[in-house]
Amino acid sequence: MNTTENTYRDRFTELEMSLPGFASLPLRHLRQEGMQRFIDNGFPTQRLENWKYTSVKTISQRAYQVHDHGCPGLDPSDLLPYLIAPVGVYRLVFVNGWFSRTLSDLHDFPEGVRVQSMAKVVDATPRTVEPYLENHQPGADQGFTHLNEALWSDGAFVLLSPGIRLDKPLHLLFLTTSSEKLKMTLPRNLIVAGAGSHAWMVESFVTLGHAAHCTNSHSTIILHDQAHVHHLLFLGENHSAQHVGTVETRLMGSSRLDSRLFSFGGERTRQEIHVHLAGEQAQCSLDGLFVGNENQHMDFHTSIHHMHANTRSQQLYKGILDGHAHGVFNGIITVLPHVLHTQSNQLSSNLLLSDTAEIDTKPQLEINSAAVQCSHGATVGSLDPEALFYLQSRGLDASTARSLLIQGFAAELLQRITSIPVQAWIERQFNKGDNHHES
Amino acid sequence: MNILEIKNLHVSVLNKPILRGLDLSLKEGEVHAIMGPNGSGKSTLANILVGRGDYHMTAGAILYHGEDLLVRTPEERARAGIFLAFQNPVEIPGVNNVQLLKEAFNAHRKYGQLPEMDAMSFRTYLQDRTKQLGLSDDWLFRPINVGFSGGEKKRNELLQMLVLEPQLAILDEIDSGLDIDALTDVANGVNALRHHRRSMLLITHYPRLLEQVHPDKVHVLIGGRLVATGGMELAVRLEEQGYGWLSEVAA
Numbered sequence: 001m002n003t004t005e006n007t008y009r010d011r012f013t014e015l016e017m018s019l020p021g022f023a024s025l026p027l028r029h030l031r032q033e034g035m036q037r038f039i040d041n042g043f044p045t046q047r048l049e050n051w052k053y054t055s056v057k058t059i060s061q062r063a064y065q066v067h068d069h070g071c072p073g074l075d076p077s078d079l080l081p082y083l084i085a086p087v088g089v090y091r092l093v094f095v096n097g098w099f100s101r102t103l104s105d106l107h108d109f110p111e112g113v114r115v116q117s118m119a120k121v122v123d124a125t126p127r128t129v130e131p132y133l134e135n136h137q138p139g140a141d142q143g144f145t146h147l148n149e150a151l152w153s154d155g156a157f158v159l160l161s162p163g164i165r166l167d168k169p170l171h172l173l174f175l176t177t178s179s180e181k182l183k184m185t186l187p188r189n190l191i192v193a194g195a196g197s198h199a200w201m202v203e204s205f206v207t208l209g210h211a212a213h214c215t216n217s218h219s220t221i222i223l224h225d226q227a228h229v230h231h232l233l234f235l236g237e238n239h240s241a242q243h244v245g246t247v248e249t250r251l252m253g254s255s256r257l258d259s260r261l262f263s264f265g266g267e268r269t270r271q272e273i274h275v276h277l278a279g280e281q282a283q284c285s286l287d288g289l290f291v292g293n294e295n296q297h298m299d300f301h302t303s304i305h306h307m308h309a310n311t312r313s314q315q316l317y318k319g320i321l322d323g324h325a326h327g328v329f330n331g332i333i334t335v336l337p338h339v340l341h342t343q344s345n346q347l348s349s350n351l352l353l354s355d356t357a358e359i360d361t362k363p364q365l366e367i368n369s370a371a372v373q374c375s376h377g378a379t380v381g382s383l384d385p386e387a388l389f390y391l392q393s394r395g396l397d398a399s400t401a402r403s404l405l406i407q408g409f410a411a412e413l414l415q416r417i418t419s420i421p422v423q424a425w426i427e428r429q430f431n432k433g434d435n436h437h438e439s
Numbered sequence: 001m002n003i004l005e006i007k008n009l010h011v012s013v014l015n016k017p018i019l020r021g022l023d024l025s026l027k028e029g030e031v032h033a034i035m036g037p038n039g040s041g042k043s044t045l046a047n048i049l050v051g052r053g054d055y056h057m058t059a060g061a062i063l064y065h066g067e068d069l070l071v072r073t074p075e076e077r078a079r080a081g082i083f084l085a086f087q088n089p090v091e092i093p094g095v096n097n098v099q100l101l102k103e104a105f106n107a108h109r110k111y112g113q114l115p116e117m118d119a120m121s122f123r124t125y126l127q128d129r130t131k132q133l134g135l136s137d138d139w140l141f142r143p144i145n146v147g148f149s150g151g152e153k154k155r156n157e158l159l160q161m162l163v164l165e166p167q168l169a170i171l172d173e174i175d176s177g178l179d180i181d182a183l184t185d186v187a188n189g190v191n192a193l194r195h196h197r198r199s200m201l202l203i204t205h206y207p208r209l210l211e212q213v214h215p216d217k218v219h220v221l222i223g224g225r226l227v228a229t230g231g232m233e234l235a236v237r238l239e240e241q242g243y244g245w246l247s248e249v250a251a
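Chains as they are written, first to last, in the numbering used here: chain W, 1 to 439; chain A, 1 to 251.
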């Protein structure tokens, strides 16, 4: 077996007894199984169809430190640039993969809402999470997930009781402080929305500093009947960061997931979002906006599985690529045999701002049932020269005209965010990136 | 003094000569109409004035306030007071009218070395103008020209003009594709924009608009040259007899 993979196994053996959840036999077993699968399958390579466009050599061939506790004394004011808003938002902060109580703001949760550090929960009350934590099906393309299953450090555990309506957005902030040591952080989140509950959540990934690091994150979201969850994923790490993430979701009857992905950072990003529509009338909408320039590489894989009748899904992913950036969008929609009256729409729309930027976009439909409605499409274009001229003829200089058109391309995704503070924050992040690009 | 002076203008589009020796002078506050059949070069004249790419002057000169116009970029021309109401304004999804008006207005203010107008005053300034054109309150927040009818697009051009207060307005077939009522609305809009410091070039096929706007002069453009100049009586004769009687002059 490859020596890099073995390094992680050795580190696992060394750390195992100190890893969260060791006292629980089922959880201990999950970690061991994850490590075994990681060793069996290794890091994915480009020979795998699902990883065709994305090389992970920058991860597999470098020696990353996992579970580096080196946590500098951060002051709450250090967080300010990364906050959605200073007040009016619940906040859990993780520094280098570990929960920070002092930086978090967990005051005044309504009764029936449990929000805690995963590490703490699996040690104190492992039975709470045991029913929900399970390993992914083993697979050659799942190396990162298996590694996370074995070595995850901490993350958020969120449990909403039935009928609970979270009054403010919940922000899960994952901050890596970059240093000389090449760090890999392995967050793991579990979100369980009880029947009829409603919540707005943001998971954001950022870096303090410019040095390279790697994030390998995994989130599981379970929506019980009629729950409605807004889940926004913000990938805003520095331009030397490697980011691999997976979101697994399971939607029970009449529940609804609004997934919003915004990817602006990272050198190399691979994000997977998997949705199982596992109850009648469950529905999801998956939006994505990715902005890449220079040599950024961003690869998004979504899968939506219509497992029951009358389920609905819609997807809109937009890419804005400049410089030598490379984007990938791959969206799988499956409908099981005998599952009737499903509706699914998928659109991938891309704006290339340079001749050297590149996009690979591919819908993948596996529909085994007749009574379904399904549409999909992909577009790739550049800025409309007529529109640019129109704006210039009104007195706007070329760069302002260009910015306005780029904003216009992104606008529908920015405007569809239903939480006012979250929307204002994302717009700021988007415009910051644009200004940065102009300079 | 002439605000615009065009001398012996020759313009080619993709190496094809379109304008072939056009002369025109426009004084401050004057409204001139340019009429002519399809393909005579009317829109080429509009496009060369605002600096659209692919239009190349091969001979002649265009002076704006006595200075060479063609050395300036499209945005510099706009800030210096030139405005084209497009024949077919482009639709821009995701960018609303107020965003465009704000950026354009501030660019003009900056050029004129005036401070930016504060948000509240600008809002009032805009509302006065939408009201003047009888536009609804949500107009400003609609994406630029997206899903607009022909008449709405023309009125949107007039709104931009009303906000930017140009010194030279070129209206390229502002009357095309309009029914009688919409035409009257647009004509009223044009009349409201008349000002003793503002000159206008009305490019049109039809005298109907001119009957309501009353230009100071009417020119006929055929084969890339002005072949006749007169008053409203010229427009009326064109309506009755067509362009045939002028073809000999153009040949």
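Just so you know, not all the hints are guaranteed correct.
[As the list claims (entries may be wrong)] Here are the simulated lysine-lysine pairs, DSS-like style, with alpha carbons at most 30 Å apart: (1) W:Lys52 <-> W:Lys362; (2) W:Lys57 <-> W:Lys181; (3) A:Lys217 <-> W:Lys432; (4) A:Lys102 <-> W:Lys432; (5) A:Lys131 <-> A:Lys7; (6) A:Lys7 <-> A:Lys217.
Simulated from the structure, these hints should not be mistaken for lab results.
Hint check:
This hinted pair checks out: W:Lys52 and W:Lys362 have alpha carbons roughly 12 Å apart, not beyond 30 Å. Proposed proximity of W:Lys57 and W:Lys181 is supported: the alpha carbons are some 18 Å apart, at most 30 Å. This hinted pair does not check out: A:Lys217 and W:Lys432 have alpha carbons roughly 52 Å apart, beyond 30 Å. This hinted pair checks out: A:Lys102 and W:Lys432 have alpha carbons roughly 20 Å apart, not beyond 30 Å.
In summary, the hint linking A:Lys131 to A:Lys7 is not supported, as the alpha carbons are separated by about 40 Å, beyond the 30 Å threshold. Among the hinted pairs, A:Lys7 with A:Lys217 is consistent with the structure: their alpha-carbon atoms are about 18 Å apart, no more than 30 Å.
When held up to the earlier numbered hints, the structure conflicts with 3 and 5 and fits the remainder.
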